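Based on the sequences and whatever the hints tell you, model everything.
Residues per chain, in single letters:
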Amino acid sequence: MDSKKNILVFIEARNRKFAEVSLELLCAADRLARELGGRVEAVALGYNLEDELKTLGRYGCERVYYTSDARLAHFTSVPYAKMVVRIIEKYQPGIVLFGATTMGRDVAPRVASALKCGLTADCTDLKIGEHQIKDTLYQNILMQIRPAFGGNIIATIVSPESVPSMATVREGVMKLSPVETEKNVEILPEPCSLDEHDFLSEVLEVIREEKKVNLKAAQIIVSAGMGASDPESLALTKELARILGGELGCSRPVVDSGILDKDHQVGQTGITVRPNLYIACGISGQIQHRAGMAEAKRIIAINKDPQAPIFALAHYGIVGEVKDVLGKMIKAYKTKA
Amino acid sequence: MGLHLIVTVKQVPDTHNVSGNAMKEDGTVNRAALPTIFNPEDLNALEEALKIKELTGGRVTCISMGPPNAVEVLKECLYRGADDVILISDRRFAGADTLATSYVLKCAIERVGSYDLILCGRQAIDGDTAQVGPQIAEKLKINQLTCVAAVTAVDEKSITVKRSVEDGYEIVKSRFPALLTITAAANEPRSANAKKVMTYKNIGKEMCSLSYDESYLAADACAIVDHIREWNVEAIAADPDQCGLSGSPTKVKKIQSVVLSARESRQIANNDAGIGELIHELIEENIIG
Ligand SMILES: Cc1cc2nc3c(=O)[nH]c(=O)nc-3n(C[C@H](O)[C@H](O)[C@H](O)COP(=O)(O)OP(=O)(O)OC[C@H]3O[C@@H](n4cnc5c(N)ncnc54)[C@H](O)[C@@H]3O)c2cc1C
Ligand SMILES: Nc1ncnc2c1ncn2[C@@H]1O[C@H](COP(=O)(O)O)[C@@H](O)[C@H]1O
Numbered sequence: 000m001d002s003k004k005n006i007l008v009f010i011e012a013r014n015r016k017f018a019e020v021s022l023e024l025l026c027a028a029d030r031l032a033r034e035l036g037g038r039v040e041a042v043a044l045g046y047n048l049e050d051e052l053k054t055l056g057r058y059g060c061e062r063v064y065y066t067s068d069a070r071l072a073h074f075t076s077v078p079y080a081k082m083v084v085r086i087i088e089k090y091q092p093g094i095v096l097f098g099a100t101t102m103g104r105d106v107a108p109r110v111a112s113a114l115k116c117g118l119t120a121d122c123t124d125l126k127i128g129e130h131q132i133k134d135t136l137y138q139n140i141l142m143q144i145r146p147a148f149g150g151n152i153i154a155t156i157v158s159p160e161s162v163p164s165m166a167t168v169r170e171g172v173m174k175l176s177p178v179e180t181e182k183n184v185e186i187l188p189e190p191c192s193l194d195e196h197d198f199l200s201e202v203l204e205v206i207r208e209e210k211k212v213n214l215k216a217a218q219i220i221v222s223a224g225m226g227a228s229d230p231e232s233l234a235l236t237k238e239l240a241r242i243l244g245g246e247l248g249c250s251r252p253v254v255d256s257g258i259l260d261k262d263h264q265v266g267q268t269g270i271t272v273r274p275n276l277y278i279a280c281g282i283s284g285q286i287q288h289r290a291g292m293a294e295a296k297r298i299i300a301i302n303k304d305p306q307a308p309i310f311a312l313a314h315y316g317i318v319g320e321v322k323d324v325l326g327k328m329i330k331a332y333k334t335k336a
Numbered sequence: 000m001g002l003h004l005i006v007t008v009k010q011v012p013d014t015h016n017v018s019g020n021a022m023k024e025d026g027t028v029n030r031a032a033l034p035t036i037f038n039p040e041d042l043n044a045l046e047e048a049l050k051i052k053e054l055t056g057g058r059v060t061c062i063s064m065g066p067p068n069a070v071e072v073l074k075e076c077l078y079r080g081a082d083d084v085i086l087i088s089d090r091r092f093a094g095a096d097t098l099a100t101s102y103v104l105k106c107a108i109e110r111v112g113s114y115d116l117i118l119c120g121r122q123a124i125d126g127d128t129a130q131v132g133p134q135i136a137e138k139l140k141i142n143q144l145t146c147v148a149a150v151t152a153v154d155e156k157s158i159t160v161k162r163s164v165e166d167g168y169e170i171v172k173s174r175f176p177a178l179l180t181i182t183a184a185a186n187e188p189r190s191a192n193a194k195k196v197m198t199y200k201n202i203g204k205e206m207c208s209l210s211y212d213e214s215y216l217a218a219d220a221c222a223i224v225d226h227i228r229e230w231n232v233e234a235i236a237a238d239p240d241q242c243g244l245s246g247s248p249t250k251v252k253k254i255q256s257v258v259l260s261a262r263e264s265r266q267i268a269n270n271d272a273g274i275g276e277l278i279h280e281l282i283e284e285n286i287i288g
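Protein sequence lines, in the order shown, are assigned to chains B and D.
Residue 275 in numbering that gives the first Met the number 0 sits at position 276 of the first sequence, with consecutive numbering throughout.
Residue 63 in numbering that gives the first Met the number 0 sits at position 64 of the second sequence, with consecutive numbering throughout.
Some hints here could point you the wrong way.
Just so you have them, the derived chain B footprint on chain D, three or more residues with Cβ under 8 Å [said to hold, decoys possible]: (1) 95–109; (2) 117–129; (3) 152–163; (4) 168–179; (5) 245–253.
No lab work stands behind these hints: they were computed from the structure.
Fair warning: this is a prediction, and the values are worked out from it, not measured in the lab.
The beta carbon of each residue, even a glycine, is placed where N, CA and C say it ideally should be.
Here you go:
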């Protein structure tokens, strides 16, 4: 079989648990591999993960290249990057996918640099297609789709001249859809061909801190944009989230201006959410924000500008001042409920 | 003994104030149409370098690859306390993706010579890729510590940092040389020093020839910079094929303006009756409790 048709997913294990995004990527890889006629493969680094790795068949994974070593139990950049490079060089997949987590974003660029291949960050969609450069037509290559620049543009990026094509994808962007018939996972042990000089980082301490907000699991999200960032509007936004039993979300400039914590940010570079109800308060609805919430089942948009792009996406649009509208919503809810 | 700290800084379009014609037909950014700023997290990287220098002594060298206008961010570095600044500029660098960018910066850093630490911003706001830092580290074959939220200890041989990760923090130590990527959480960047602004405001650029004076970095720590060094492809001994567009494996295949799919959208009247009805409907449909 032509190894270029295979798709390799970097499996991230933190504390012996797989990151959700790794499983999501296996599902996405399964879809792409069917189109290519290839196989879904994974690379996993860690220590004593065999039992866990067998469960990956549920997500379409057929093969795992696995290096077990006590020194790999905790992530450090150089050893992880070197092992991934060696496995890619040995098995030559055509496509390699990483979660856009702190680990994925640390290791993927190092791997791409070592292999001199392209890497597209934070893709929101992946497809198979073709691309012509001068006289050469490249077929069955990865289309790396991401919103770009300023918000009104979707760019399709390709890197056909260097193999593999590599991309990172944020958690929640690809759907977790276990395959119909679980695959039998073949685990291929790869020796840890690293020496002491590769272990340059010493992890002295790991401090676990539960994130206070859990946007991903929320069924209702009330989000503040710059139009709801003054203290009074923000207080009302929080109040509505609280009485509806929802979580507070926000757009990126609200985080950038230090008003809310990064954990609240919805969007391409924040969190992708699919709640039952999303209430966008004073959010213009640029593509990077929409990338994170367009799949909410119901969207209510409140904006004083009737032309705001968010209205094209909303199921219910209310043109008006955030303060004014939220006041009325809170009142209506308190009296009806 | 002091440390030599290199900071990479980028001039970026102010993506918070982007308007319509941001992209050109060919898919590259129309920088001319946008106001530019100092990439925010690069200010944090510079601040961290200046703080380390205050502790250990040494020099801070700032490097930027960009068009001639990027000299503005380098002047900002001088205003805040950088010792040396270098502009890497050449038409052949244009159109670089992160791989080509990191290659050029790696060549420039090798040209500068010895260093203990390289500090980058975690990411640049024009693309949010966070790739250039790790790629420079790989090309120089040195260690990297990304997403640094605080430097907790530094001595003459090593540095200890707090890295921010999904489920908390890690305290990680590395010997020199190493590359750090610094996040906005790390510090509060200082503002420009008025006296330094006066000193450097009107300094010019010096077009670099091949003959770069190797000895200048060894010069007195407080030597006055009266020119901003500008290096081209030859000055950093880079392979032109690995620079700019030709050194960039990623190609923009197409760009599409976003057309929002028209949804069945209902306009709700902004009055008590309209909003009351909406809330009622959502309760009826069990969307809210
Ligand atoms: C690489 C990249 C990644 C990005 N990632 C993200 C991301 O993950 N998430 C994200 O959200 N953004 C992201 N952005 C930023 C995005 O492009 C927009 O800039 C951002 O979403 C705009 O936020 P906003 O709508 O809150 O603010 P603005 O664009 O300032 O809009 C404010 C809106 O509020 C309305 N308004 C103002 N006052 C009132 C009032 N009193 N009552 C009612 N309405 C009012 C205005 O009409 C306007 O529509 C990214 C950008 C880039 C370049
Ligand atoms: N053209 C450049 N010149 C200097 N530094 C850069 C350049 N591009 C990126 N960097 C550095 O790399 C970091 C990450 O950039 P990016 O990968 O584009 O998100 C930035 O914060 C800068 O420190």
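- Hints that the structure is at odds with (numbers, increasing): Failing hints: none at all.
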